[in-house]
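Engineer: The chain contents come next:
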Amino acid sequence: MKSQAVHQGRLKTPFYSRLAALDTVNEWHQWKGYSSADSLFCEDIEYFAIRNATAVFDLTPMTKYRITGPDSLDYLNRLVTRDMAKIRPGRVAYAVWCDDQGQVIDDGTIFHLRDGEYRLCSQERHFAWLKTAAIGFDVTIRHETEDVAALAVQGPTSFSVLKTMGLEGLEELKPFGLTHLKFQGTELMVSRTGFTGDLGYELWIDPDKAEALWDALFEAGKLFGIRAIGTHALELARIEAGFLAAYMDFLPADETVRTGVSRSPLELGLEWLVDFKKPNFNGRRALAEEKRNGSTWQLVKLDIEGNKPAHHSYIFGNEKANKGQIGFVTSAAWSPVCKQNIALGTVRTPYGKPGSSVWVEIYYQREMHWNRKMAKATVVDKPFWFPPRRSATPPAPY
Amino acid sequence: MGERYDAIVVGAGHNGLVCSALLAKAGKNVLVLEANEQVGGAAVTREFADGYSVSACAHLLYQLQPEVRKELKLAPTLSSEDMTTIALAEKGKHVRLTWNTVAGVSDADVASYRRFKKRMMRFADLLRKYLNKAPPRLGTKDMKDLVTLGQLGFDIRRLGKQEMREFLRLIGMNIYDELDERFESPLLKGALSLDAVLGTHLGPRSPNTVMTYLYRLAGDHGRAAIPKGGMGSVSDELAHEARVSGATIRTQMPVKRIIVENGRVTGVETEDGERFDSYTVISNADPKRTVMGLVGARHVETGFARRIHHLRSKGNAAKLHLALDGLPIIEGLSKKDFAERLVIAPDEHYVERAFNPAKYGESSPNPVIEMTFPSFRDQTLAPTGKHVLSAVVQYAPYDLKGGWNKEARETFRQAVIDTISNYAPDIEQRITASELLTPVDIEREFHITGGHWHHGELTLDQFLFVRPVSGAAQYRMPLDGLYLCGAGAHPGGGVSGAAGRNAARAILGREKAA
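Quick note, the sequences are listed as chains A and B, same order.
For what it's worth, my numbering labels the leading residue of the first sequence as 1, then goes sequentially.
For what it's worth, my numbering labels the leading residue of the second sequence as 1, then goes sequentially.
Just so you know, these hints were derived from the structure itself, not from any lab.
Ideal Cβ positions, reconstructed from N, Cα and C, are used throughout, including at glycine.
This list has only true hints and no planted wrong ones.
The list that follows gives simulated cross-link-like pairs (lysine-lysine, BS3-like), each with its CA atoms no further than 30 Å apart:
1. B:K256 / A:K131
2. B:K256 / A:K278
3. B:K314 / A:K131
4. B:K133 / B:K73
One side only, chain B facing chain A, incomplete, derived with CB under 7 Å:
5. G263
6. M292
7. R306
8. H309
So here's chain A without its partners, still in its complex pose (with noise of 0.2 Å):
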């Protein structure tokens, strides 16, 4: 086996030299041993970006690895909750994978990069979980986050920016459709994916054209208002959008110590992710049985009323709180583009229907003082966010 060097330090990804060119605020976290910013100029003005123009986001620390073998459908089907043989090359699928007592080890998306060979990314590494799985399997997993540089690319302009850019045949691709192209001599995957709930796309490259890319880009995007963003706009999109995160929403089975901290999918409202007629897969008896005698708990999408975000609250059945807490708030913010206050919580079960209200206790500060709020919510069924445009093939122009 090849030994390679094991790096010392945080790491810079490709596009550290053309982020660390735009940065004003020096607001930097680590993200699976990388650098990423928290913002690079100014959140709100990067936030409206990704809703109003097109925001780039480096995406590069996300863990990557890729499945090959004769196998490899098997062995994600095993895998995940929902049934790949339907996911063709050129499409990608959100999913889950639950351990053996159903409980949710991440979330993440899955690339049929061409037939029988496959990319799996996820916000956590599993580089351990996914070899164990892959006993009795003939596949090969390989770790690639390192070899594969990427970028987000999201916002209504954002189509244009890359038809702009040169790249061809983007009209034709649906949303978690994927397509290979070239770029300077490179293959560029272009996916039609995202973490904003709006329309965007992510690009795939060989680390060595990292730079080439993101010039090229910036250089189309010049008349779409193209702006690079941290991970502080991009959290208040995914929060609209109601997409989850992993240690936010939920924590990942592997990592809990107690029992009952984990979620089952069908307690992340994501039964719609698991089918229990395809093959085997792993957590299918537990979460069979959860089916047949009730969850413990329920993620929710709250709308709620006043605009105080509801930060790690409480939440109860009614106003009075005298029935005592049902749940918690695990994502809050003030939506500017929904002009909503909402949040993701979870609640026990029965709470939680659609179309029901419960409070959440809010407190917040005014001029040092705290101040505590009871306000009504009402649960949702929907995304806060989902324009037309997600979904429109072709996307319109601008």
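Following the hints, complete the assembly by docking chain B onto the known chain A.
Structural biologist: For chain B alone, coordinates are given in the frame of chain A:
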């Protein structure tokens, strides 16, 4: 669709036969499919040289559980019983051990041995009670499990304060330290060390070898016997009992796979493509072969597959069969002593040193040997005047460095014969034919992954509540309709029938509860 049965047993090893006989007695329509020509699995008698037959793998009967005997009315005819163990000494000053006495050692050792055996047998009896029950699950609210668990605690407490402490001290300990504290005679210590480690990948200084020793005693207190006609006669009797009770046994029907549909077992398919249907499939095969081979990892949970995959099941005991044109001369032995069990383990260090190379994938140059001459009182096994020597030899690691090629086998065979020659100088001249079965051969011939006696190392982390692995200790695998009934399940190997009986009871009990 194939023929439908109430239960299909994969493998007609002795446990599979016990299980199928008990299920058939309870009115079940049972089919047993055996890959080999003979029933019995590793408990068979077969010819290894022209006119010479031998118990091909297990050769001594000492653990057959009274419950199994009683429920199946088994009464094997024995050619030798209550055998004395003779620990051979080079100058003929052998030590003779019976189940409660020892001769040829100092008076202090004689007294120590009596005390030692008394205690060990008491502990073994406690263990024996639980070998014949499905082990309770931990962390459960199931009443039956809680009662069994409570009973176990109570039984340990009932030993008395002193003995309970002693039990808890010893159960995880190595036999070497215990023997060293109690005895002087190296030969005695050697022989007892051998008893503790036979059939395992353990040396006398390995942890929990007191437990493996107790396991050996947890039947007839270690009193060994040789069935007339070899171990195959016990299997034949079991098969007869199963057939009479209504079970169908078909040999030369290797099972290719256990069929899983919609998350449950629905039948089996043989190598010939024949299909048999049943919602209850009981595997007598080892856990690895059953789960990873016959079922396939994809049909079970990842964590369970991982635990099965990592099961330690590499055998270390070889079997040597010699066809002799007459009995060898061993100094200090009278003729009738050839009916007994002879062991070569001159002292406890010798046994540990024999184990050392095995840790590094090498066979022992000075092996530990357990020998019997089954033909001595059984004319059916060899031509008149000629004899068969059946020996269990350690250590012969399954994954020998460089593999068990012709040269490696010859080296080991010679090492064994040289070792025997130290006690029986004329042995080499007496040999007319020989057969060496390494764990690799045992794996091939008896379809036991790793060629391990117990289908999985008998250590505390693979014992009782966690045998073969945690979450699957009650014969029922975490796949609807799949059961284990072989040595890989609780309690373990040896011709005891306990696993087969417990499995049958678990299956029938479950049905009653439903």
